[in-house]
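Throw the hints in and build the complete structure from the sequences for me.
As a plain string of letters, each chain reads:
2 protein chains.
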Amino acid sequence: MAAVVQECLISAPGKSILHGEHAVVHGKVALAVSLNLRTYLRLQLTSTAEVSISLPNIDTFLCWDVSVLKPLLSHREGECRSSTELDTELVRKLREFIAITDGSTDTRSMAVLAFLYMYLCVFSQSQVLPSLKVCVWSELPTGAGLGSSAAYSVCVSAALLTARGTISSPLTQSQETTRWTEQELEIINNWAFQGEKIIHGNPSGVDNAVGTWGGFLRYHAGKITSLSRVPTLRILLTNTKVPRSTKLLVSRVKDRINQYPSVMLPVLESVNAVSQVCEHTLAEMVTEGASAKHYSTLEDLIDINQQHLNVMGVGHSSLNTLCSVTLAHGLHSKLTGAGGGGCAITLLTPDTDESVVRDVMKELKKVGFDCWETSIGAPGVLMHSPTSLTHNVLDILNKY
Amino acid sequence: MAAVVQECLISAPGKSILHGEHAVVHGKVALAVSLNLRTYLRLQLTSTAEVSISLPNIDTFLCWDVSVLKPLLSHREGECRSSTELDTELVRKLREFIAITDGSTDTRSMAVLAFLYMYLCVFSQSQVLPSLKVCVWSELPTGAGLGSSAAYSVCVSAALLTARGTISSPLTQSQETTRWTEQELEIINNWAFQGEKIIHGNPSGVDNAVGTWGGFLRYHAGKITSLSRVPTLRILLTNTKVPRSTKLLVSRVKDRINQYPSVMLPVLESVNAVSQVCEHTLAEMVTEGASAKHYSTLEDLIDINQQHLNVMGVGHSSLNTLCSVTLAHGLHSKLTGAGGGGCAITLLTPDTDESVVRDVMKELKKVGFDCWETSIGAPGVLMHSPTSLTHNVLDILNKY
Numbered sequence: 001m002a003a004v005v006q007e008c009l010i011s012a013p014g015k016s017i018l019h020g021e022h023a024v025v026h027g028k029v030a031l032a033v034s035l036n037l038r039t040y041l042r043l044q045l046t047s048t049a050e051v052s053i054s055l056p057n058i059d060t061f062l063c064w065d066v067s068v069l070k071p072l073l074s075h076r077e078g079e080c081r082s083s084t085e086l087d088t089e090l091v092r093k094l095r096e097f098i099a100i101t102d103g104s105t106d107t108r109s110m111a112v113l114a115f116l117y118m119y120l121c122v123f124s125q126s127q128v129l130p131s132l133k134v135c136v137w138s139e140l141p142t143g144a145g146l147g148s149s150a151a152y153s154v155c156v157s158a159a160l161l162t163a164r165g166t167i168s169s170p171l172t173q174s175q176e177t178t179r180w181t182e183q184e185l186e187i188i189n190n191w192a193f194q195g196e197k198i199i200h201g202n203p204s205g206v207d208n209a210v211g212t213w214g215g216f217l218r219y220h221a222g223k224i225t226s227l228s229r230v231p232t233l234r235i236l237l238t239n240t241k242v243p244r245s246t247k248l249l250v251s252r253v254k255d256r257i258n259q260y261p262s263v264m265l266p267v268l269e270s271v272n273a274v275s276q277v278c279e280h281t282l283a284e285m286v287t288e289g290a291s292a293k294h295y296s297t298l299e300d301l302i303d304i305n306q307q308h309l310n311v312m313g314v315g316h317s318s319l320n321t322l323c324s325v326t327l328a329h330g331l332h333s334k335l336t337g338a339g340g341g342g343c344a345i346t347l348l349t350p351d352t353d354e355s356v357v358r359d360v361m362k363e364l365k366k367v368g369f370d371c372w373e374t375s376i377g378a379p380g381v382l383m384h385s386p387t388s389l390t391h392n393v394l395d396i397l398n399k400y
Numbered sequence: 001m002a003a004v005v006q007e008c009l010i011s012a013p014g015k016s017i018l019h020g021e022h023a024v025v026h027g028k029v030a031l032a033v034s035l036n037l038r039t040y041l042r043l044q045l046t047s048t049a050e051v052s053i054s055l056p057n058i059d060t061f062l063c064w065d066v067s068v069l070k071p072l073l074s075h076r077e078g079e080c081r082s083s084t085e086l087d088t089e090l091v092r093k094l095r096e097f098i099a100i101t102d103g104s105t106d107t108r109s110m111a112v113l114a115f116l117y118m119y120l121c122v123f124s125q126s127q128v129l130p131s132l133k134v135c136v137w138s139e140l141p142t143g144a145g146l147g148s149s150a151a152y153s154v155c156v157s158a159a160l161l162t163a164r165g166t167i168s169s170p171l172t173q174s175q176e177t178t179r180w181t182e183q184e185l186e187i188i189n190n191w192a193f194q195g196e197k198i199i200h201g202n203p204s205g206v207d208n209a210v211g212t213w214g215g216f217l218r219y220h221a222g223k224i225t226s227l228s229r230v231p232t233l234r235i236l237l238t239n240t241k242v243p244r245s246t247k248l249l250v251s252r253v254k255d256r257i258n259q260y261p262s263v264m265l266p267v268l269e270s271v272n273a274v275s276q277v278c279e280h281t282l283a284e285m286v287t288e289g290a291s292a293k294h295y296s297t298l299e300d301l302i303d304i305n306q307q308h309l310n311v312m313g314v315g316h317s318s319l320n321t322l323c324s325v326t327l328a329h330g331l332h333s334k335l336t337g338a339g340g341g342g343c344a345i346t347l348l349t350p351d352t353d354e355s356v357v358r359d360v361m362k363e364l365k366k367v368g369f370d371c372w373e374t375s376i377g378a379p380g381v382l383m384h385s386p387t388s389l390t391h392n393v394l395d396i397l398n399k400y
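Residue numbers (UniProt numbering), protein chains in the order written: chain A, 1 to 400; chain B, 1 to 400.
Hint data in this document are derived by calculation from the structure and do not stem from the laboratory. Remember, it's a predicted structure, so these values are computed and weren't measured experimentally. Don't take each hint at face value.
[To be verified] Selected chain B positions facing chain A (in silico; Cβ < 10 Å):
(1) R256
(2) L265
(3) P266
(4) L268
(5) E269
(6) T297
(7) D300
(8) D303
(9) I304
(10) Q307
(11) G313
(12) S317
(13) N320
(14) T321
(15) L327
(16) A328
[To be verified] DSS-like mimics (lysine-lysine), calculated; alpha carbons at most 25 Å apart, straight line:
(17) A/K399 / A/K133
(18) A/K241 / A/K366
(19) B/K293 / A/K254
(20) B/K254 / A/K293
(21) B/K93 / B/K133
(22) A/K223 / A/K133
[Stated by the list, open to error] Covered by chain B, per the in silico footprint, the following chain A stretches (three or more residues, Cβ under 8 Å):
(23) 233–239
(24) 262–269
(25) 297–310
Every residue gets a Cβ at the ideal spot worked out from N, C-alpha and C, and that includes glycine.
Have a look at this one:
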């Protein structure tokens with residue numbers, strides 16, 4: 001067991017689907033990628049005999065006496081639980097404790113529930129429940145299909161496990177950022193998955209895996225595989241802010257497949273091939289060095305898949321607008337995630353001029369979209385030195 | 001042999017591809033349909049010992065003494081040629097006669113060449129070459145992939161064969177329009193195909209078949225089949241007027257298939273299925289009666305195929321504009337033919353309000369496109385009574 005730290009700074013990336021959204025529901029490959037819009041967490045061990053959590057993004061600031069939390073673990077006195085199975089009795093007690101009405105899934109309640117659950121479980125075998133202060137702030141919009149809940153769960157998991165000493169505190173004096181060992185990442189991911197289950201009910205596990213390992217992950221028939229040695233790609237991430245129901249969109253695709261099987265099944269085949277060609281191209285970009293040809297292929301695949309998603313019936317006029325605005329500047333875009341509005345990614349290449357990026361972002365914002373310049377394929381969960389964070393992030397984390 | 005008429009009025013429709021353009025090059029089914037923008041022909045037997053042709057659309061008005069034409073047939077004295085094989089010697093002589101420079105394929109020269117070729121061949125076994133006056137006028141734009149040359153060849157073929165008495169003059173006093181027997185249509189089509197060969201070099205035979213039989217034709221692996229009992233569908237036909245090279249677009253699709261076979265071959269499969277589902281739906285519209293469900297299916301297929309054509313790389317921003325303008329009014333469009341600009345069809349349903357049609361046409365014209373309200377699936381070559389033609393058409397045909 002590693003030495004316990006008094007304070008730690010942790011971040012985890014969001015998630016985006018590069019290729020294979022919807023097709024994955026029908027047994028095809030999807031490529032999930034880390035999105036370098038990150039969630040940041042600061043944990044401090046205190047001596048206040050209190051546990052406090054501050055979530056400035058969603059205006060949530062709560063604090064409990066450790067003494068009122070302890071009894072919530074009474075049902076598992078002395079019992080040693082695995083980290084891969086949800087303690088439904090604890091979830092039930094916590095929902096009652098923080099007065100969540102049945103069936104409610106509002107973001108604030110779910111974030112608090114997941115935090116308290118992980119806190120109590122991680123420290124359930126400790127002599128005493130530690131008093132601590134946690135602040136989480138995110139660059140990710142919530143509810144946009146960008147894995148904000150998973151990034152949150154991964155940060156909370158990594159921070160609590162570090163505070164507990166279950167995993168190491170790997171940062172040395174000279175390091176700006178550092179990661180954990182593969183085994184430690186497995187533990188972080190398992191606990192984060194519990195958090196995701198509490199928040200989402202029946203998550204695929206892809207989002208927390210991306211938040212933990214970062215980079216590119218292949219998801220196929222329930223199996224998640226991390227792609228080794230992949231490039232980081234610059235992108236624009238745009239949120240059309242057109243609200244959509246993932247459930248409705250998934251059933252729309254299903255209906256369309258049932259209506260036109262001979263037309264739609266080959267389209268799913270083609271999407272599957274898009275993911276495979278993309279994976280192959282990403283690998284080549286590392287082994288051969290990235291060339292203009294590789295970027296051109298990635299652009300072709302983005303265009304093709306965007307058309308296929310339109311064929312599946314999950315396009316939207318806002319996404320058409322986005323695609324034509326970016327294409328007018330020579331940039332290629334596709335929706336990412338559920339579609340029907342929501343978010344899109346636009347590939348930037350090494351040749352993309354900064355002035356083009358500025359112009360495109362300006363135009364997209366003018367249409368009413370939110371737009372970030374970021375990257376995909378960035379590292380997963382990180383431990384930070386304070387100097388590795390921007391003043392802005394540090395100020396927010398220190399403020400609460 | 002039927003009685004020879006002194007004058008006849010004939011029309012033939014243009015052609016449009018409903019589904020399967022480009023895919024047909026790779027062994028898939030295409031659905032070719034008649035386009036009710038028609039080419040009209042008036043033939044009069046005269047006693048001037050001259051043959052004259054007036055083509056007011058392309059500003060071509062020519063006249064020859066029969067005596068100078070006769071020697072062009074000298075090489076086949078007494079020989080009886082089939083109508084299915086091109087007399088290349090006659091073509092050579094005619095090119096020299098009308099002074100076409102080698103390799104030239106300009107519309108005027110080709111139209112005159114095809115006319116004189118058909119005239120000389122059809123009457124080659126006659127005692128004397130008849131003197132006659134032909135005027136052809138078309139609603140079809142030329143060079144837009146709408147089968148204008150085939151409609152011309154079909155009209156010329158039907159008119160000359162009627163004048164020769166090879167086929168009947170089926171119009172009775174009380175009829176507005178009439179058609180020929182199946183065997184006579186075969187003869188018209190064979191001669192029209194010769195005209196097409198002269199104009200295009202190596203045509204597929206689809207355009208003249210559509211001009212002859214009208215309706216919907218399935219084209220697959222070189223085999224042309226007329227679909228029996230199909231509905232007539234109202235459409236808008238739009239010409240973006242963006243020039244394109246069919247040859248270049250065909251090779252672009254081929255390159256893309258070679259570059260991404262695993263991605264593109266399923267797309268061709270899907271396009272093939274679109275044609276088949278469309279054919280099935282058209283048949284159902286006749287047997288069950290056309291319902292809103294049928295129109296909704298036709299719209300879905302149009303949208304899907306337009307996306308697939310984008311994936312094949314033959315889309316164009318002008319076509320995207322067209323699709324979004326029509327979709328904003330609830331109408332569904334796809335490119336027809338080669339793509340990369342060119343023409344598009346927009347389906348109108350029985351529910352489409354006239355005011356919507358007016359508004360859409362106005363908007364499309366404002367963008368700079370030509371736009372016609374017409375139909376697909378209309379009859380092929382027709383013989384007309386003068387009263388069945390509009391004043392406008394009749395005035396033009398009588399003027400020259």
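A closest beta-carbon separation below 10 Å is what the hint needs, so does B/Q307 meet it against chain A? holds, 4 Å
For the restraint on B/L327, tell me whether the closest CB of chain A is nearer than 10 Å. Holds, about 8 Å.
Holds or violated: is the Cβ of B/L268 closer than 10 Å to a Cβ in chain A? Constraint on B/L268 satisfied, holds at 8 Å.
Restraint satisfaction for B/L265 [CB to CB of chain A, less than 10 Å]: With a minimum Cβ separation of about 8 Å from chain A (threshold 10 Å), the hint on B/L265 holds.
Does B/N320 pass the interface check with chain A, least Cβ-Cβ distance below 10 Å? holds, 6 Å
Counting residues of the stretch 297–310 of chain A with a beta carbon closer than 8 Å to any beta carbon of chain B, are there 3 or more? Contact hint for the stretch 297–310 of chain A vs chain B: holds, 7 residues under 8 Å.
Hint consistency between B/K254 and A/K293 [alpha-carbon to alpha-carbon, up to 25 Å]: holds, 18 Å
Can the stretch 262–269 of chain A be counted as covered by chain B under the rule of three residues or more with Cβ-Cβ separation shorter than 8 Å? Our answer is that it holds, as 6 residues pass the Cβ test (under 8 Å) against chain B, meeting three.
Chain A contact restraint on B/T321 - CB to CB distance below 10 Å: Because about 9 Å separates B/T321 from the closest Cβ in chain A, which is inside the 10 Å limit, the hint holds.
Using the nearest Cβ pair, does B/D303 come within less than 10 Å of chain A? holds, 8 Å
Checking one constraint from the list: CA of B/K293 to CA of A/K254, max 25 Å. Satisfied? holds, 18 Å
Would you mind confirming whether the straight-line C-alpha gap from A/K223 to A/K133 stays at or under 25 Å? Outside the cut-off at roughly 36 Å; violated.
Of the numbered hints given earlier, the model fails hints 22 and 23; all others are met.
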